[in-house]
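Listed below, chain by chain, are the residues.
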Amino acid sequence: MVSKRFLVKRVLLLVPVLFGVATLVFAILQLAPGDPARVIVGQRASAEQVAQVRTELGLNDPIWIQYLRFLGDAAGFDFGQSYKISQGTPVREVLVDRLPVTLELAIFGQIAGILLGIPLGVISAVKQDSLTDHLTRVGALTGISVPIFWSGPLLILLFSTYLGILPTSGRIGSTIFLDEHWTLFGTQLPLTGMVTVDTILLGNVEAFVSAVRHLFLPIVVLGVYQMALLSRMMRSSMLEVVRQDYIRTARAKGQGAKITIMKHGFQNALIPVVTVIGIQFGTLLGGAVLTETIFGIGGIGTMLVNAIGASDYPLVQGTVLTFALLFTLVNFGVDITYSYLDPRIDQ
Amino acid sequence: MPPSPPRSTSVPSGGHETRPPSLAARARLVVGALLAGLGVGVVGVGVGTVAVGLASAADTGFLLGTLAFGFGLLGWAGSVVAGPGFEAMQSYLDGASGWTEAGSRRAMARIGGFGAGVMLAAVAVGTALGYG
Numbered sequence: 001m002v003s004k005r006f007l008v009k010r011v012l013l014l015v016p017v018l019f020g021v022a023t024l025v026f027a028i029l030q031l032a033p034g035d036p037a038r039v040i041v042g043q044r045a046s047a048e049q050v051a052q053v054r055t056e057l058g059l060n061d062p063i064w065i066q067y068l069r070f071l072g073d074a075a076g077f078d079f080g081q082s083y084k085i086s087q088g089t090p091v092r093e094v095l096v097d098r099l100p101v102t103l104e105l106a107i108f109g110q111i112a113g114i115l116l117g118i119p120l121g122v123i124s125a126v127k128q129d130s131l132t133d134h135l136t137r138v139g140a141l142t143g144i145s146v147p148i149f150w151s152g153p154l155l156i157l158l159f160s161t162y163l164g165i166l167p168t169s170g171r172i173g174s175t176i177f178l179d180e181h182w183t184l185f186g187t188q189l190p191l192t193g194m195v196t197v198d199t200i201l202l203g204n205v206e207a208f209v210s211a212v213r214h215l216f217l218p219i220v221v222l223g224v225y226q227m228a229l230l231s232r233m234m235r236s237s238m239l240e241v242v243r244q245d246y247i248r249t250a251r252a253k254g255q256g257a258k259i260t261i262m263k264h265g266f267q268n269a270l271i272p273v274v275t276v277i278g279i280q281f282g283t284l285l286g287g288a289v290l291t292e293t294i295f296g297i298g299g300i301g302t303m304l305v306n307a308i309g310a311s312d313y314p315l316v317q318g319t320v321l322t323f324a325l326l327f328t329l330v331n332f333g334v335d336i337t338y339s340y341l342d343p344r345i346d347q
Numbered sequence: 001m002p003p004s005p006p007r008s009t010s011v012p013s014g015g016h017e018t019r020p021p022s023l024a025a026r027a028r029l030v031v032g033a034l035l036a037g038l039g040v041g042v043v044g045v046g047v048g049t050v051a052v053g054l055a056s057a058a059d060t061g062f063l064l065g066t067l068a069f070g071f072g073l074l075g076w077a078g079s080v081v082a083g084p085g086f087e088a089m090q091s092y093l094d095g096a097s098g099w100t101e102a103g104s105r106r107a108m109a110r111i112g113g114f115g116a117g118v119m120l121a122a123v124a125v126g127t128a129l130g131y132g
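Chains A and R, in that order, give the protein sequences. Okay, so the first sequence: first residue is 1 according to my numbering, each after it adds one. Okay, so the second sequence: first residue is 1 according to my numbering, each after it adds one.
FYI, nobody ran anything at the bench for these hints, they're computed from the structure. All C-beta atoms in this analysis are idealised placements derived from N, C-alpha and C, irrespective of residue type, glycine included. Take the hints with a grain of salt, since some may be wrong.
Claimed, not checked - Covered stretches of chain A (in silico footprint by chain R; criterion: 3 or more residues with CB under 8 Å from a CB of chain R, positions within the stretch not fixed): (1) 26-36; (2) 49-56; (3) 80-91; (4) 275-286.
Looking at chain R on its own, in the form it has when it is part of the complex:
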C-alpha cells in the first residue's frame, strides 16, 4: 500500500500559502512600530504642551494612541478569529479582493504597536513634566 500524503494543516481558503514569519521577524515588526509611535508621541505631546498645556496634550495624545492601539488589537484578534471566514466568504461569493488573514494581522500589529508607542510616550512625557 503506498504511503498516504501528509495532511495539510492549512485551511483551504483561497489565500496564498506562505511560510509563517519567524518570531524575531514578528517582534521586529511590532517593536519597530512601537519605536515609531514613541517618537511621534514624544514630539506630538511636546508640541501640544507648548500649544494647549500639559494636561490637555498628554490626555489627548494618550487617547489618540489608545484609539490606534485598540483598533490594532481588535483588528489583529478579529483577523485571527474571523479571518478564515472572511476569506471563505469572499471566495464563495466571487468577491475576492486579495484580502488575507495573514496580511491583515501584520497590518494590525503595526497599527497596534504604533498606538502603544504613542500611549507610552504620553505617559512618559506627562509624568516627566509633572502631570498626575
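So here's chain A without its partners, still in its complex pose:
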C-alpha cells in the first residue's frame, strides 16, 4: 500500500515542475523577437493602434509585474485568448478541443509499445543468445535508431501508395460524418474527443473501423520506438534479475523455470522499466507533434508549431504548460506503480 506521506510528497513536486515550466516559457517568449501587440493588430496598423493594444494588454508595465500577472493567471489555468491561430477564442477552449487528438495518439502509442515491448524483452532474456534473442535485439536497435520523419513517410509509401490498404492522412473516413444525429444517452458527440473511443461508445462499427484504419500507421510509428526501447530495457533488467540468489534458490528448491521467472523475476525486472515508461511519455508527446504533421492529424502538436510561427504567445504558453502537466501526472502515476512494485521506495 502506498503511504499518504509519499503521495503528498509526489503531489507537492508537481508545483516546482509547473512553476519552472511557466517561468521558462514566459522568459523565452518575452526574449523572442516580435511584438504581441503588432501580431494582434496586424502589420498595417498605425503606431497609435499598436500603442493602445500594448496599454490594454499591460505590455508597458515592468516585466516583473507582467511575470507575476502571468503566474497568477496560469495558476487558475487562464491563458487568455489566442492572438492569431484561433483568434479571440480562449486558450482553454482551444486546448479542450485539440488535446484529445494528441492524447489518443500518445496513449495508444504507449499501450502498443508496452504490450509488445515487455513480452519481447522477457522472451529475449529467457532465450538468451538464441536466434529469437538476436532477432529481437536487432529489431530493437533498428526501432530505436529509425527517426519518425523517415519511418512515417516510408510507411505511407508502402501501405497507402503501393499496397493501398490504409489511408494516408486524417482521423476518420470523409464519408463518415459525426453530425448532430450521433448522440449517446442524449449527449451529443464528441464525448471524449478521441475518435476511437467515441465510435465505440456509439456502437458504430463502420466508424470505429475507419478510425482504427486511420490511426494504425501513426500508432505504429510512435509505438515502434517505445517497443524497441522497452524490450531492450526489459531484456537487460530480466537478465540481471535471473542471476540473483533468490532466483537460484527458487530453482534449487525444485521450482520450474517458467514459474520462477514469472513469479519471482518479472515483477522485480519491471521496476526500472516502469520508471522509463513515465519518462518516455514526454518523448511520445514530442513525437506526436511530428507524427501529426506527417499524417495530417490536426492535434495540439500541429497547432503548437503553427502558434510558435505566428507568435501566438498565449496559445504557446497554454500548450506547453498543459504538456508539462500531463507529463508530471503520468510520472505521478508511474511513481505510485513503482512504489507498489517496490515498497521500499516510499519509506
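Fit chain R to the given chain A structure using the hints.
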C-alpha cells in the same frame, strides 16, 4: 532465527551511495549562488542602464535571470521526479555517463539560485532608479 538485515531505503540505480548533505550545506549552496546572481545582476543592469536605458536594461536583466531561474527550478524538480528513471535507463542500456540525480540537483540548485539573484537585482535596481 538470525535478525534480518536493515532494509535499504535507497533505490538501486547504479549511482554512488553518499550521505545526503545537511540542511545548512544546502542553504549555503543556494544562498551563495543567490548572492553571486545579485552581484552580477546589479553590475549588469547598472552597466546596461548607461548603455541602453533603464527600462530596457531592467527588463532584459530580469528576463535573463528568469531564464536561469526557470531552467534551474525545472531541472531540479525534473531531476527529483525523473532522476531514478534516467539513472536506470542509462544503466540498463549500457550508456552510463556518470550522471547522477544528486549531482544534477546540486547543479540545478546553483543555477536556479543564481537566476533568482539576477531577478532580484533587476527589480531592486529598476525600482531604486524609478522604473515602474
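**Message:** How does the region 275-286 of chain A fare against chain R when you require at least three residues with a CB closer than 8 Å, holds or violated?
**Reply:** holds (count 4)
**Message:** Tell me whether the statement that chain R covers the region 26-36 of chain A is true, taking a Cβ distance below 8 Å and needing three residues at minimum.
**Reply:** holds (count 5)
**Message:** Can you tell me if the region 49-56 of chain A counts as covered by chain R, using C-beta to C-beta distances under 8 Å and a minimum of three residues?
**Reply:** Result for this restraint: violated, n = 0.
**Request:** Establish whether the coverage given for the region 80-91 of chain A by chain R is satisfied; the threshold is a Cβ-Cβ distance below 8 Å, and no fewer than three residues must meet it.
**Result:** Per the Cβ count (0), the hint is violated.
Checked against the numbered hints above, the structure violates hints 2 and 3; every other hint is satisfied.
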